[in-house]
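Residues per chain are reported as follows:
2 protein chains.
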Amino acid sequence: MKIAVLGTGIVGRTLAGRLVEVGHSVTLGSRSATNEAAVEWAAGAGPLAKAATFFDAAADGEVVINATPGAVSLEVLAAASTMNLGGKVLIDVANPLDHSAGFPPSLSISNTDSLAETIQRAFPTARVVKALNTMRADVMVAPERLAGGDHDAFLAGDDPEAKEVVARLLAEFGWRAEHIKDLGPLDAARGMEMWLPLWLRIFLTQGNNNAFNIKVVTG
Amino acid sequence: MKIAVLGTGIVGRTLAGRLVEVGHSVTLGSRSATNEAAVEWAAGAGPLAKAATFFDAAADGEVVINATPGAVSLEVLAAASTMNLGGKVLIDVANPLDHSAGFPPSLSISNTDSLAETIQRAFPTARVVKALNTMRADVMVAPERLAGGDHDAFLAGDDPEAKEVVARLLAEFGWRAEHIKDLGPLDAARGMEMWLPLWLRIFLTQGNNNAFNIKVVTG
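The listed protein sequences correspond, in order, to chains A and B. According to the working numbering, the stretch in the first sequence is residues 1 to 219, in order. According to the working numbering, the stretch in the second sequence is residues 220 to 438, in order.
Among the clues, some could well be false.
[Said to hold, decoys possible] Derived contacts from chain B toward chain A, CB cut-off under 8 Å, selection only:
1. Ser329
2. His370
3. Asp401
4. Met411
5. Met413
6. Pro416
7. Asn429
No lab work stands behind these hints: they were computed from the structure. By construction, the Cβ of each residue, glycine as well, lies at the ideal position given by its N, Cα and C atoms.
Taking the hints into account, I'd like the entire structure generated from these sequences.
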């Protein structure tokens, strides 16, 4: 598949790299076609990797991934353009973190709304799926490195077929079917984003900058 | 220890019953000393169990547990009275669920504040510890019934000794030390309460009304 990854931070580059590794054609999108991080990534990631503007990346992609900070996601997606998002699966892995009052951040959108729903309202023809925002990038793309993959990823979205596309990508990353938990419609993204404050506190007390994730434990 | 459990719902009665079982003297507090649920519970729970008003329960308790719905917690604690809470460990297991817009509920306090912090501000001499609000009552008191106890409970509070008291009670319930995770100061309760929306979505998709909890999975 041709996949556009918007955002050149650690999340964007990690997802882009792994998508290339499993055989997809990936364009890493950024504000400028000569963005240093994107160009450097593309140069090192082989023939399936390209760098381009948000607009050109989204135009070329069959699936688009929002891997930008939540605070700029709407602006970035506007630059990618409604016409390039219409009918496409738009995977939102961002979190609406508000760093304005220091660390740990609060959320700029929460409780009765979510970033994912805000994006869906702004781009109604996109098929938004919330995924992977609940963990660090290294865990997203290689679940088996943590406890042999025995932990969970969540999905939320209003389009069942779009969620299947995302579930297949997660499977390519190594997520086993029983660990991909579909939480239902897109408003379930509220819970997925509101998990971040607890994630941050666990992160702060874990020590050693260790990767971690959660597993839903049942009887 | 003499423990006051405020609230006669399933959480209050379950905690009270288990506390009696492990040897504590428990007073189940409610609005009236003749509250049917409380009197019935006390009659069935043996000589260590009593029913009383919020005020009398709190006056008698060395530790007080807030097991009321978040929407009425402040009012109940006011009835229990500042003078009966001063210097005591106050375990807040409540969640600030707002059911006014239907199901699933949102939170009435969140993001930059929490119910636990609100309670601490209202009763500054109490030693508030947030605990156990992240799971169902049957899991709180018998962790070993779920995956042999291999899942986690969180604590938050500004008083380290108070947290030790709570950790000891959790140990009596069966929580192993490595599964009692101290997340730091009381403002970490924000994350513990903001977990509820995700908990609710997992609950809705789990099916069969199964008990569940989360385990933090590390490398």
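Results for each hint:
Annotation: Ser329 (chain B) was flagged as interfacial toward chain A, and the flag holds, the nearest CB pair being 5 Å apart, inside 8 Å. At a threshold of 8 Å, the smallest CB-CB gap from His370 (chain B) to chain A is about 4 Å, leaving the interface hint in force. For Asp401 (chain B), the suggested interface contact is upheld, since its CB lies about 7 Å from the closest CB of chain A, less than 8 Å. For Met411 (chain B), the shortest C-beta to C-beta distance to chain A is roughly 6 Å, which falls under 8 Å, so the interface hint holds.
Because the smallest distance between the Cβ of Met413 (chain B) and any Cβ of chain A comes to about 4 Å, under 8 Å, the interface hint for this residue holds. The beta carbon of Pro416 (chain B) comes within 4 Å of a beta carbon in chain A, closer than 8 Å, and the hint placing it at the interface holds. For Asn429 (chain B), the interface hint holds, since its Cβ comes within 8 Å of a Cβ in chain A; the closest pair sits about 5 Å apart.
Checked against the numbered hints above, the structure breaks none of them.
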